[in-house]
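Protein chains in written order, with the working numbering: chain B, 1 to 265; chain P, 1001 to 1222.
Honestly, the hints are just simulated from the structure, not real lab data. Treat the hints with caution; some may be incorrect.
[To be verified] Some chain P residues well away from chain B (every beta-carbon gap over 12 Å; in silico): (1) Ser1024; (2) Gln1070; (3) Met1072; (4) Ala1073; (5) Asp1075; (6) Leu1076; (7) Arg1091; (8) Ser1127; (9) Asp1152; (10) Glu1164; (11) Asp1172; (12) Arg1191; (13) Gln1208.
[Unchecked claim] Here are the simulated distance ranges between beta carbons: (14) Phe1066(P) <-> Asn27(B): 52 to 58 Å; (15) Asn27(B) <-> Leu1130(P): 35 to 41 Å; (16) Phe1066(P) <-> Ser163(B): 28 to 34 Å; (17) Arg1213(P) <-> Val26(B): 38 to 44 Å.
For every residue, glycine included, the Cβ atom is placed at its ideal position computed from N, Cα and C.
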Amino acid sequence: MGTAKVPSPSSAAGKPVTQPGKLKAVNLNFYYGNYKALHDISLEVPANRITALIGPSGCGKSTFLRTLNRISETIHNTRVEGQVLLDDENVLTVDVTALRRRVGMVFQKSNPFPKSIFDNVAYGLKVNGFRGSLKDAVERSLQRAALWDEVKDKLQKSAYALSGGQQQRLCIARALAVDPEVLLLDEPCSALDPIATAKIEDLLFTLKDQCTIVIVTHNMQQAARVADRTGFFLLGKLIEYNTTEIIFKTPTKQETEDYITGRFG
Amino acid sequence: MRQFSVELDELHEKVLQMGGQVESAIHRSVRALVERDAELARQVLRDEARINQMEIEIDNVTTRLFALRQPMARDLRFLTSAMKINTDLERMGDLAVNIAQRALSLVAQPPVKPLIDIPRMAQLVESMLLRALDAFVKGDAEVARAVLTSDDEVDALRDSVYQELVVYMQKDPATVPAAVDLIFVARNLERIADHATNIAEDVVFAVQGVDVRHHATEVKNA
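Extracted from the complex, chain B is given alone in its bound form (with noise of 0.2 Å):
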């Protein structure tokens, strides 16, 4: 049928984004040595949202998000052009450790330490000099990340001993121990079953109202469940950003429909 036009505001929004942006791209550029990754990329993520970003592989969706927390750095011969704000604070005159403590990053396949469950959340805390009860900081995370009740009674059991989807609750544990303000999660499901999944979802929502949640991810179905809002990549380059219900009810790019209707390729 036709192509999608552009449907009016009133007839068609979701909610507006009355939250103030916590993380704010502007006009941002990123070179992997000549190759330029991402073009132009403009894009506000609401406070208390959780946003999710959405793309074919390549689109530039984990290049972007590695941005927010300067862990791209860790690259080498990468160059960032345009500025990243956090709060309004650019993130390149902020302090790179302190600006990854308050936005934490959860991996696409989990990697907790070779420690023990409860040493795997304390290391950030006594990394950063933490002077209370850890005891109590690290139950707090495990709560939080959903994972207390199923290792309350092994916490000094390895990591390595969980299930896959444990192990990356355990990660969120551990993100969240530093009491992040923003939790980066780049496809943090793609390696767990469905129940896993369900309930690192689950998590997410509870988690929003703490934290700022911005998630990669290629399953779309999952972003239809836990976005606001969502931004479709695509070579390099911010298609549509929307709330979740216009971009997958009536988007108004071509190239986002043809993705999320499966017509690619």
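With chain B fixed as given, assemble chain P onto it according to the hints.
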């Protein structure tokens, strides 16, 4: 994905087939009325079962596609529209049957007056349905929107039929039963036109993602 494309095309076909059968039912029921053809009217009554069966089939197919294909964007809107168009078509089929029943009743009575407005209404109404189905096939929201503006003329004809027949009834009470049948026919045709506009509105939503229902002035000025 290719499988889903095939399934969507098949659903498209089914809706068109049903539309064709409904259009034929309307056409034949009015012809039976105008030509006082009882057998043609009975044929319409017999064919109703086929239309009803198609309604069930189309609902089954769309529900299945919702369950198994997680449709998004235009596919999602196409499926929700197909379900609604399905219902409108089935109602139009019912109304055609009612017209055929009135035709049978009228054949058994002397004619009241030469029929001019009712065939004119039928022509308009059939055109609305055919254009709405055409818009559906082609995904053409402009053709669909044009259907919406024809509704007023149908309403005006129904009022004119009513007023004319009231005069006949006042002059000669013996015409009352037949005149009342004719008034019902006009009302049924007007209702069929309403369903055709519903279909057109659904096509606009499927194609453009805009809901134009109940915004008569806005649409006519568009």
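Against the structure, the hints:
1. Ser1024: holds, 25 Å
2. Gln1070: violated, 6 Å
3. Met1072: violated, 4 Å
4. Ala1073: Label violated. Min Cβ-Cβ 5 Å, cutoff 12 Å.
5. Asp1075: violated, 5 Å
6. Leu1076: violated, 7 Å
7. Arg1091: Since the minimum Cβ distance to chain B is about 24 Å, Arg1091(P) lies beyond 12 Å and the statement holds.
8. Ser1127: Non-interface label on Ser1127(P) holds, nearest chain B Cβ at 22 Å vs cutoff 12 Å.
9. Asp1152: holds, 23 Å
10. Glu1164: At about 41 Å from chain B, Glu1164(P) clears the 12 Å cut-off, so the statement holds.
11. Asp1172: holds, 52 Å
12. Arg1191: holds, 27 Å
13. Gln1208: violated, 5 Å
14. Phe1066(P) <-> Asn27(B): 52 to 58 Å: 41 Å Cβ-Cβ, so the 52 to 58 Å window is violated.
15. Asn27(B) <-> Leu1130(P): 35 to 41 Å: The hint (35 to 41 Å, Cβ to Cβ) is violated, given that Asn27(B) and Leu1130(P) are roughly 52 Å apart.
16. Phe1066(P) <-> Ser163(B): 28 to 34 Å: holds, 33 Å
17. Arg1213(P) <-> Val26(B): 38 to 44 Å: 41 Å Cβ-Cβ, so the 38 to 44 Å window holds.
Violation of the numbered hints given earlier is confined to hints 2, 3, 4, 5, 6, 13, 14 and 15; the remaining hints are satisfied by the structure.
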